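Colleague: Turn these sequences into a full structure, and let the hints guide you.
Keeping their order, the protein sequence lines are chains A and B.
Position 307 (the first sequence) corresponds to 307 in our numbering; numbering is contiguous.
Position 241 (the second sequence) corresponds to 241 in our numbering; numbering is contiguous.
Hint data in this document are derived by calculation from the structure and do not stem from the laboratory.
It is possible that part of the hints are untrue.
If chains are identical, the list can't say which one is meant, so a pair holds when it fits in one copy or spans any two.
[As the list claims (entries may be wrong)] Dumping the calculated SDA-like pairs for lysine to any residue here, alpha-carbon to alpha-carbon at most 20 Å: (1) K193 with G330; (2) K325 with L11; (3) K325 with G4; (4) K325 with A30; (5) K325 with A73; (6) K332 with A302; (7) K193 with D225; (8) K332 with L11; (9) K325 with P12; (10) K332 with V139.
Just so it is clear, the structure is predicted and the values come from calculations on it, not from any experiment.
There are 2 protein chains.
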Amino acid sequence: MMIGPAIELGLPLRILATDPAESAAQVGAAVELGRHDDAQAVRRLAEQTDVLTFDHEHVPAPILEGILDADLAAVRPGPGALLHAQDKLVMRERLSTGGHPCPRWWRAADVSALDAAIAAAGGRAVVKTPRGGYDGHGVRIVTAGDEAADWFADFEELLVEELVDYRRELSAQVARRPGGEAVAYPVVQSVQKDGVCYEVVAPAPDLDADAQSRIQQLALAIAEDLDVTGMLAVELFETADGSVLVNELAMRPHNTGHWSMDGAATGQFEQHLRAVADLPLGPVAPLAPVTVMVNLLGGSRADLAAGVREALAADAGAKVHVYGKSVRPGRKIGHVTLVGTGGESADELLARAHRVERLIIDSPAPEEIA
Amino acid sequence: MMIGPAIELGLPLRILATDPAESAAQVGAAVELGRHDDAQAVRRLAEQTDVLTFDHEHVPAPILEGILDADLAAVRPGPGALLHAQDKLVMRERLSTGGHPCPRWWRAADVSALDAAIAAAGGRAVVKTPRGGYDGHGVRIVTAGDEAADWFADFEELLVEELVDYRRELSAQVARRPGGEAVAYPVVQSVQKDGVCYEVVAPAPDLDADAQSRIQQLALAIAEDLDVTGMLAVELFETADGSVLVNELAMRPHNTGHWSMDGAATGQFEQHLRAVADLPLGPVAPLAPVTVMVNLLGGSRADLAAGVREALAADAGAKVHVYGKSVRPGRKIGHVTLVGTGGESADELLARAHRVERLIIDSPAPEEIA
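Modeller: Right, here's the structure in full:
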């Protein structure tokens, strides 16, 4: 999704892809084949680029530091910032030191420390692996240390967090240039299902201007403290009293920001490119009072073309984005956006978006039944 | 510009390109190399696709008829429709027969017929080659047949039209599916400079709802009469009394519709794909009270990257689209859109767009001076 904006801004893009069949490789002619954790492959890419950026956070810091030491390319966000999106213990430590609101958390190096933390959290807690987690992987709700003991085979320490009794989840996205210029998108509401982002309403309903501004300032402050360049998503819990706690950080275009591709003056993929290429940032105003985004997760249908056809027949106003990925159950294979330029309510738009979602992924096409 | 929407709609696109360095070939992996007038090359493409469509009108009708006869692919728009965008004499004949308003026109097979037509037109007339013209090529304003006599070497007949004393130029775009479903975009105002589209204001200022609707109905009726599928642009002269005359037809996404990529609910490239793939058409409502588009024509600067940087620094709200084409003076190498979501006037937006234009194409970068 970065390729289109890169072309239009005249920024030649080279992509590191593991396989020529990857969706990015299918549409970008300039592909370097290799893995993101292969130092030589990343180095070959760096030698051909001015700026290295990411669509995930899993490139090991030593590889990126090697590229900076050899002065091969700028790395944005840099490894020092990226670390806070790679390692949840580092993130919690740093946010707490910086005075940013977090759930209560503990560091546990063995099962007895886990038990102590769980007790301190009130008998039930969230245990997380510091690294490698995504979309619900590496996260467990436990009542005893035993239930996460297996993770010590791979990690010296685990992160324990209190279970937050939250009213809803919010996400605050900002974009920041190397020199510090930054903009904050409207804060959005996200709903997770089985640990995966399921739907987003932008801007978040029933969030008054003060709260919105306070949360935007929090996200901007985190971006500044951590020296983030590019897009930063701060995922938040909103509690019953309206205060917020930081849940996770992502330093790249993020699922909770897909709405901006159709619903904001500057989409997050264009904005990320502008930020990491050190171009002036674009305006972030929403194009409608409300925009909703619903993820498409792989279902029973392998060929999406018939689904898209049915979905558009049912709702021609839906903006459908499929990613050209092979379909596996539960895999994120696209998203649907509905921009409420006609003054529709968020609930109306969500109902329409979910109908479109079901039509694209669920109903088997006639030839699949036969 | 069709590639991005095709990916997102899940429509695999194969492109016929003459050269692997062509801008479309740079970004689309699935390229068939060959010329648009090479029957074998077009046939090879047709064998791999369900639907053949175009980003220009120059594929010879016999090639397309051969593809239909062999039942290799659907052709949208079909050769019967496309002929009216390929041959201006056929177009004039058909529009006149259909009762659609045209400038007065004559068919001339020799210089004396040219002279007679020029005299009938009032001593000065526009002479056009029936085929092969674009962006001012193949069009001359003459006062004597001699001035276009050379064209008889290549064409049996020429088209002569009265010089219309027009107030301004308008463009009406519609999209039409094979079954006849059609939508009309807001009518826009376009300004030409040396025969090339220079700037567009959407919707056209000072066009009342009645006039707008009448012009949209005209464009829809032409699409229906000619059985156009895909996007149709009807370029029009608006005369002093507010009536309109058809100037040209284009059966593809058109320069006067680029504003819709940023300024309408469905951009014209997505809409064209939806129409030719026989998918339901998207909504065409503008996203702001006014959107302007200005073309980027090649200037003294070869490397546009520095220009884009300067331009965005001067106006972060500009939507810049560069096409990855090599720069030649006067060549269309991109466009700039400004969407007036902040309630700006068309004049303000145009002034900003032209400033951005000058910064991108004109000012030499420091390394070019050195």
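Colleague: Hint by hint, say whether it matches the structure.
Modeller: Hint-by-hint comparison with the structure:
Taking the shortest alpha-carbon separations for K193 and G330, only the intra-copy value of 11 Å comes in at or below 20 Å, while the best inter-copy value is 54 Å. In this homomeric assembly, K325 and L11 come within 20 Å of each other (Cα to Cα) only across copies, at 13 Å, whereas the closest approach inside a single copy is 25 Å. Taking the shortest Cα distances, K325 and G4 sit within 20 Å of each other both inside one copy (17 Å) and across copies (15 Å). In this homomeric assembly, K325 and A30 come within 20 Å of each other (Cα to Cα) both inside a single copy, at 19 Å, and across copies, at 16 Å.
In this homomeric assembly, K325 and A73 never come within 20 Å of each other (Cα to Cα): the closest approach is 30 Å inside a single copy and 26 Å across copies. Taking the closest pair of Cα atoms, K332 and A302 come within 20 Å of each other only inside a single copy of the chain (13 Å); across copies the shortest separation is 41 Å, beyond that limit. For a Cα distance limit of 20 Å, the shortest separation of K193 from D225 qualifies neither inside one copy, at 31 Å, nor across copies, at 51 Å. For the identical chains of this complex, K332 and L11 are inter-copy neighbours only, at 18 Å across copies versus 27 Å inside a copy, given an alpha-carbon limit of 20 Å.
Taking the shortest alpha-carbon separations for K325 and P12, only the inter-copy value of 12 Å comes in at or below 20 Å, while the best intra-copy value is 23 Å. In this homomeric assembly, K332 and V139 come within 20 Å of each other (Cα to Cα) only inside a single copy, at 19 Å, whereas the closest approach across copies is 53 Å.
Violation of the numbered hints given earlier is confined to hints 5 and 7; the remaining hints are satisfied by the structure.
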